[in-house]
Amino acid sequence: MKIFFIVLIYFFCLNFEAKLKIEIIKGSEDLPDIAVVPFKSSLGRKFEYKVRDLINEKLTLFGEFNSLELEKMLSFPFDEESFYRRDWELLSVDYAVFGEIYETEGNLTLYYLVADIGLKRIILRGDITGENKNIGLITKKISDRVYESITGLKGIFNTKLAYILNPEPNKYSICVSDIDGDNEEVLFSSNSPLMSPDWSPDGNKLAYVSFEKGFAEIYIQNLLTGVRETIPTLGMSKSAPVWSPDSKNLAFVISMSGNPDIYNYNLKNKKISRLTNHYGIDTEPAWSPDGKKLLFTSNRSGSPQIFEIKVSNKRIKRVTLEGSYNARSRFFPDGKNIVFVHGNNGIFHIATRNLKDRFINIVTKTTLDESPTISPNGHIVIYSTKKENQGYLAGITVDRKSKFQLPVKKGSVREPAWSPFLN
Amino acid sequence: MKFLKSVPIIFLLFLISCSTQVSDSVSETIYTEVEGINFDEKDKIDTSLEDKVFFDFDKSTLNNDTKKILSQYVSESKKANIIRLEGHCDERGTREYNLALGEKRAIEVKNYLIIQGVSSSKIKIISYGEEKPISFGSTESDWKQNRRVEITLF
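Going down the list, the protein sequences come from chains A and B.
Just so we're aligned, residue 1 is where the first sequence starts under this note's numbering, counting upward by one.
Just so we're aligned, residue 1 is where the second sequence starts under this note's numbering, counting upward by one.
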């Protein structure tokens, strides 16, 4: 009977499972040193360490901090009175995170503090209450607050990643998992290609392209109910859906007899308007954060380049001038910088650019990079690349202090799409 | 002996686990619908002609070799009910742009056949971009094979 269960579990695991665990490849020399102290609790030492580890794992997830090992700590403070700054100055720690846990009728309240050792003061004090079983979410929220108090950037530990999994040829799945790789969920599987996942701004829906009917069709899938719907429009080939920041519109590409152009679909009144009209290829739309402009890729000038269109008057302006291949752009949340795929002599890197200047920053070293997606706080880019015939995801912080990859055991993973901030 | 007895059960459960997976996925590859028309892969006409034509990187233009292959298709195409043209790209460059490029390639082939007198209404095109490579490596010889239009007559 035991064997039978093992075999069964094995087969279920074989069905999918990418489990994207972040591996840091390179951290900068001058990363801030943090110390996350076990949280004092009447629930026992094991629990104190567990809470500490959960917070520590999140804060160090993208390789942005050096974390002090527990064994090196000179004291375990839990409030301001038990905190001695000298203990941390001696260890050259920049920030100490500590606190305590109270239990009342199955609920936990976690008090937490962040001390800036250099500034010689407590920079954050907070508490959060929740059910014991939600300790994962509670520690994510604390990590977000701690991260923000140190970096000034909103934390992204309670976000998700959507991606396309290709476990074997002619098998495709669209998956969503927590940003740390936990809780992977398969939304839809098909024997035909799946492409281009894009999150609704409220994080409740995903738009993507599926070939299940033998042509490229856009589906909007509700993540809570699993219900899928299509868009009732003309044209057999629809692709590259992107949600407008106000959730009211979906821009995408319709190809009428081999001429792909960008259209805007009003999700409420179901009206569709054409944005570009050119015999060349127009595709890969991307909304500006204010919803007034779209970037898109066009080969109207001979090779793929990035253009910008104003939604109000449909005025078009060329954005990229350097290189033979600039495509699949996305705006950073500041609306001033963009990330895109930059190709030269058949080599493709991820690049960023400030829209005000002409300078292209190539941020990756691998050569088959594509589909960049930006964290909602604008600090990290995850993209897909390839090594030894296997597609995998990799990432980099925009200050280039940390590089990481998200390897998979089997098959290929591609087209990452970072969720918005979630509640 | 106990273990042997459970073998068929294991096998059965394996089948169930497989079939769950199949029922999750919507379409099987046996039937493909393009522009609302169902093709039965069994009705494929075997022409014994070269069923693929190839392209340069980021290009959809037909070269002389390609035109020579396509010209052999003209008489067969006129007899067939449906001519399916499937456009593909190599993995380089971006996926959505490649989807459009694959379509441009299929359109070029379609236009050539129309000029040769094949009825445009019989020609159905689809692009898979870089999603369905035939060669999975990352060298020029792999890429060369993947930048293609596949021609199937029904």
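Treat each hint with caution, since some may be false.
[As the list claims (entries may be wrong)] A few chain A residues that don't get close to chain B, going by computed Cβ distances all over 12 angstroms:
id : residue
1  : Glu81
2  : Asn170
3  : Lys271
4  : Ile281
5  : Asn326
6  : Ser371
7  : Lys386
8  : Glu388
9  : Arg414
[Stated by the list, open to error] Which stretches of chain B does chain A cover? Using the computed rule of at least three CB atoms under 8 angstroms from a CB of chain A, they are:
id : region
10 : 92 to 99
11 : 102 to 113
12 : 129 to 137
[As the list claims (entries may be wrong)] Sample of chain B residues at the chain A side, in silico, Cβ under 10 angstroms:
id : residue
13 : Asp40
14 : Phe54
15 : Phe57
16 : Asp58
17 : Leu62
18 : Ile126
19 : Phe154
Calculated from the structure, these hints are not laboratory results.
Treat the numbers as computed from the prediction; the structure is a model and nothing was measured.
Glycine included, each C-beta is placed from N, C-alpha and C at the ideal position.
Subject >> chain A contact restraint for Phe154(B) - C-beta distance below 10 angstroms >> reply: violated (13 angstroms)
Subject >> Minimum Cβ-Cβ distance from Ile281(A) to chain B exceeds 12 angstroms >> reply: Non-interface label fails for Ile281(A): nearest chain B Cβ at 4 angstroms, not farther than 12 angstroms.
Subject >> Consistency of the no-contact label for Glu388(A), given chain B and a CB cut of 12 angstroms >> reply: violated (9 angstroms)
**OP:** Hold the hint about Leu62(B) up to the distance rule: shortest CB distance to chain A must be less than 10 angstroms.
**Re:** violated (14 angstroms)
Subject >> Coverage of the region 129 to 137 of chain B by chain A (three or more Cβ within 8 angstroms) >> reply: holds (count 5)
Original post:
Measuring from the C-beta of Phe54(B) to each C-beta in chain A, is the shortest one below 10 angstroms?
Top reply: Constraint on Phe54(B) not satisfied, violated at 17 angstroms.
Original post:
Against chain B, does Glu81(A) keep a CB gap of more than 12 angstroms to every residue?
Top reply: holds (57 angstroms)
Original post:
Are Ile126(B) and chain A close enough, Cβ to Cβ, to be under 10 angstroms, as the hint says?
Top reply: holds (6 angstroms)
Original post:
Taking a Cβ-to-Cβ distance below 8 angstroms as contact, does the region 92 to 99 of chain B have at least three residues touching chain A?
Top reply: Contact hint for the region 92 to 99 of chain B vs chain A: holds, 7 residues under 8 angstroms.
Original post:
Close enough to count: is the Cβ of Phe57(B) nearer than 10 angstroms to one in chain A?
Top reply: With a closest approach of 7 angstroms, the Phe57(B) hint holds.
Subject >> chain A contact restraint for Asp58(B) - C-beta distance below 10 angstroms >> reply: Since the shortest Cβ distance to chain A is 7 angstroms, the answer is holds.
Original post:
Going by Cβ atoms, does Asn326(A) stay more than 12 angstroms from chain B at every point?
Top reply: At roughly 10 angstroms from the nearest Cβ of chain B, Asn326(A) sits no farther out than 12 angstroms, so the non-interface label is violated.
In terms of the numbered hints stated before, the structure departs from hints 2, 4, 5, 6, 7, 8, 9, 13, 14, 17, 19, listed from lowest to highest.
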